[in-house]
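Residue-level listing of the chains:
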Amino acid sequence: MKINRRHFLALGMGATAGTLLSPLPWKLTDDASIWTQNWAWTPVPETGEYLYTGGACTLCPGGCNLAVRKVGERVVKIEGQADSPVNTGDLCGVGLSAAQLLYGPSRIEGPMAREGKRGEGKWKRLTWEEAEAQLAKKLNSLSDGKGVAALSAFRSGSVSALIQRLLDTLGSDRFLTLPSLHDSLEQAMALTMGRAPGEGVGFDTENTDLILSLGSSVAEGWGSPVRMVKAAGAKKMIQVEPYLSTTASMADMWVPAKPGTEGVFALSVAAAMVQEKLYDHIFVSTATEGFPAFSAWLLENYTPKKAEAVTGVPPAMVKKVAVAFAGARRPVALCGRGKGETPVSLAEALAVFALNALKGSVQRDGGLVKVGALPYAVAVAESEAMGEKLATLTEKGKTELLLDWGTNPFYTLATSKKAAEALASIGTIVSFSPYMDETAAMADLILPDHTHLEKMQDVPVRAGLERSTVTLTQAAIAPVMDTKHTGEVLISVGAQLDGGRDAFSWDDYESYLEESCGEMWESLSENGLWQGDIAWKKGLERILGTSQRFTFVIPEGPVALPAEGSASSHPLTLVPSWSLRISSGAVADAPFTMKTIEDRVLTEGVSHVELHPSTARKAGLAQGDTATLATPFGSAKVRVTLFEGVMPGVVALAAGLGHTAFDGFIGGKGTSYTALSGTMVDSATGFNCTWGARASLAKG
Amino acid sequence: MSLPGEKQTGREQTGSSGDPTNKGESGLVALFFIVGLAASLAIGWIVFPKLLYSKSEQPFDFSHVTHADAVGDCESCHFFREDGTYAGVPTLAQCTECHEEVQGESEAEETFVNEYVAEEKEVPWKIYSRQPDCVFFSHAAHVTGAGMDCAECHGDIGESESLKPYEENRLTGYSRDIWGKNIAGMKKNSWDRMKMEDCGACHKETMGSKGACFQCHK
Amino acid sequence: MNTESNETRAKKFGMVIDLDKCTGCGSCMVACSAENNIPVRKDESDKLLSITWIRVYRITNGKDFPDTEICYFPRPCQHCGGKHDDGHSPCVSVCPATATDYDHSTGIVSQIYTRCFGCRYCMAACPYHARYFNWWDPVWPAKLEESLSPDVSPRMRGVVEKCSFCFHRYQLARDKAYQEERDVEEMEYQTACTQACPSGAITFGDLNNPDHAVYTLKKDKRAFRLLERLHTNPKVYYLSEREWVRRAGDNYLSNEEPTGAPGAYELKGKGGH
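Chains as they are written, first to last, in numbering that gives the first Met the number 0: chain R, 0 to 699; chain D, 0 to 217; chain C, 0 to 272.
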């Protein structure tokens, strides 16, 4: 008997039949298909109990309240707090994406000291004791206390008070904040309505029926963004600016005035109201002073016809605006270009005050209102001559040591190559940033703060709300990195200063916080928010009718600031364009927000400039061309996007891009408008009120 | 021997099965067939499941009976949160409510208290009924909404004195209980399998439709 | 495809977006991304690769300065019901894997990511570009994985994904309703984009339920749907006072006359076929 091939065939057939009769092939097929669907590296988010904690956003001055959604011990989503009077449950994209900043690659792991050259990115990790001792040692060994300057994210509040206390101990008066529209408005208020320290300016947009916006990005982030976006969707608007922004497009009327001339336009509207006797006679005659001289000055210099030469707006249109403004029941005029992150000239602020006063829209529902000072128990003294002091930061050799708490001056104040160089020449730079921003990247010592989702801290809101407001950030989560509350660090470092032991005698920040918030603490700790009364509706002033006293002031300085440079070398005008999708402040966008940036604004890491087809034709440029955008302050490679909504002769560049630090998701994207914008100093205040710059655009 | 010749022989032989001279040989062929059949059946039914699943023990033993006697029902430990989500396997904090100190004499409890309670470490239970991440399952819909018993899907786990070894499919990473103990996928009881077909069949029967993707997928 | 109804009274969830209120701020896109574990890339400016379940498009009226106007078009998945609203959506009808189907009980075009094998036929079929393909495995840098929500399963390389009308929120709302033995209220099931929208431009609810705001809004004079002429029967309605915006919604040629009937902005006479 021989075993041959047939036997093997039989064996094979048997095996095949047996296999088919066993579950093996069917089960394996099923499992294999499941295997292809479940890659081991696809994350499986852990589940757990769902929990919402409160909080407040600090990514812009808007003062929105947060509802932080947690699953177990993880933060998975940021939402707006439904019962917040500021943002009523809604939130902008930047605020929404904060969880990505919290866990993102831009976070600084812990306290670090520079190793190697400045900005090289080589760091030595320190313990907190070492880091604090290093800072105390540096501060104690300053040659002159005046050489130290500190930039604070807020003008008031518990941490700001500690920073100022630290400076006081060292003998420096250089407590600085990033200047904004509100610095100009407050000075104008002091002149026209009187102002006690700490008082601010608000706009009661909820109760207004017409917003006359002088270049303000009502729909794109001016003031408290959520609140203003609601206003943009609901209120009648007249928008004055040279670029068809979303606000301009949503407005009932778009007035394309030449760049930087919005203040002059406001005066021409005021003049038209006087000319046509459209102003509120009763209010002007009973509650104001200085009208005769002011109106004479207006009619002499700013009649619609005369203003046309500056603004390019035909007199008929000015009159139309004047009629609409005067005809509305409770109109309000706003100013501050873009998001209001840059001051306007004092003269321009005064013009807007005057315009509102002519209609009686001051200190009443729907108008421009005085906002009460915040009743902090530990107050911050207002810095005198802040404009000049800020300017010295960007002058070489004026600053020995700079402390930065949340303002990122290497991005926000680096308005030219020269300014950036001056900042880089500061002796010692200390950053408290939780993120590796441009300033932290250039720092000598980083003492990273918690993010706003990891700490409890008061947030004084200075965003044009009609009443004084403070919100409270809350620790939704234990610190993700080895960070420490800057308030805590300041108390510890302050006590280590020569003569600082008594000035910083608190046990910890938390007890200090409660003490410093004074009467606001109860409401803050309970509701995450404190709001004062509407100042003008309060008490004696209202009864006596003195709350509405207004003085018309003829401004001394220029209304429209001229741009540096010559028309021959720089024939175009660069203006910024604003978007809620792009954070233009100290902290950059998170990856999710980068997703929302349109490909007509940014592609492959290159910013686009928008210009009218006729402007492009003159410059020999076509859609998609690469070009060099140059201003007297710097230059950058950009791409050309044609847009009919840009005034001919104007080039628009999205503000807020061009971060160089952070991480690969955020940094290295596009061009910083700020770096090209230069300075336009208002002689009346010393603030840089730049609205744009002369520019040239050449192919290649 | 040429190949075509052999082919021819083969054909002839199959054509003449009644030929007595080939009887012994065909018996042998059948034997080979049977050997192959038997071997592969054995592999498919016995060896394959052993190879497919890896076995591991739970961190320590646990008696549902003892606990059910002590607390009374399933819901005391496996409860719904206020928002209607199902809490699942108790967290350490829940267990610690009773087990701050060793209460009984079991070795398992000692392990639990010493290694987990004292160290504040969550117990890494291996969950027999864990569905893959793409599955959404609402306990509220089934238990509260449809009034189903835990046992309808989970069987008699509530009456177990000790925990059976956890078997994990080496290919898919799923617990063996999803496909079911029976390697052929046969089920006698409603809780024997937890595959999509099983969900679908029950939905079809009780609700008239299997439902769309999102009914059970996220 | 499943054609039976799950419950006695079928719901039809839908959205009404007021384009006159939309400021294009992008909150909806971010809220959606955070809610649904949308992957991020280092370069999000390549919109062919960037995944955004709801994308806000921008259109202009094409007029010259200073008569130019812009309008933003937020575009989630339109959850098409098909010509006779019978679930014959463009994408569902072409999927060879039954990885996407039409839910007759909610009107939502649902899907199973793990079932998709990435043929992208649905993407070709979708007239709204609402579907996105994962060309790479998503990478969550640093600790970003910590921020992933357990409500939505992260997708893998090689599958198509799209807006789900935040169906998991419906599931969660239902869980709570079961617990409290009641029905889901209108405001309990709202998509993440609706919730985040600062200008209140998005309204969401059951188009079949007369008590829901969308029921009334969809019949508004200003209402229209995108590419109505394709008879895809979308569940996303748009509102605009502006004639040019409504025309753009259906790619009208300059010489065409729309009828302007509410909710059915169709051509007179000739159909779109």
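Derived from the structure by calculation, the hints contain no laboratory data. Where is the CB? At the ideal position from N, CA and C, for every residue including glycine. Heads up, a few of these hints could be off.
Derived lysine to aspartate or glutamate pairs resembling EDC-like cross-links, with alpha carbons at most 16 Å apart [unchecked claim]:
# : chain 1 : residue 1 : chain 2 : residue 2
1 : R       : K397      : R       : E381
2 : R       : K235      : C       : E184
3 : D       : K180      : R       : D30
4 : C       : K142      : R       : E387
Across the chosen pairs, the derived CB separations fall in these ranges [said to hold, decoys possible]:
# : chain 1 : residue 1 : chain 2 : residue 2 : range
5 : C       : K46       : D       : D82       : 45 to 51 Å
6 : R       : S32       : D       : I45       : 21 to 27 Å
7 : D       : E109      : R       : S510      : 16 to 22 Å
8 : C       : K142      : D       : G71       : 37 to 43 Å
Comparing the hints with the structure gives:
no., hint, result
1, R:K397 to R:E381, "violated, 21 Å"
2, R:K235 to C:E184, "violated, 34 Å"
3, D:K180 to R:D30, "holds, 15 Å"
4, C:K142 to R:E387, "violated, 42 Å"
5, C:K46 to D:D82: 45 to 51 Å, "violated, 37 Å"
6, R:S32 to D:I45: 21 to 27 Å, "holds, 24 Å"
7, D:E109 to R:S510: 16 to 22 Å, "violated, 43 Å"
8, C:K142 to D:G71: 37 to 43 Å, "holds, 42 Å"
Of the hints listed earlier, those the structure fails to meet are numbers 1, 2, 4, 5, 7, in rising order.
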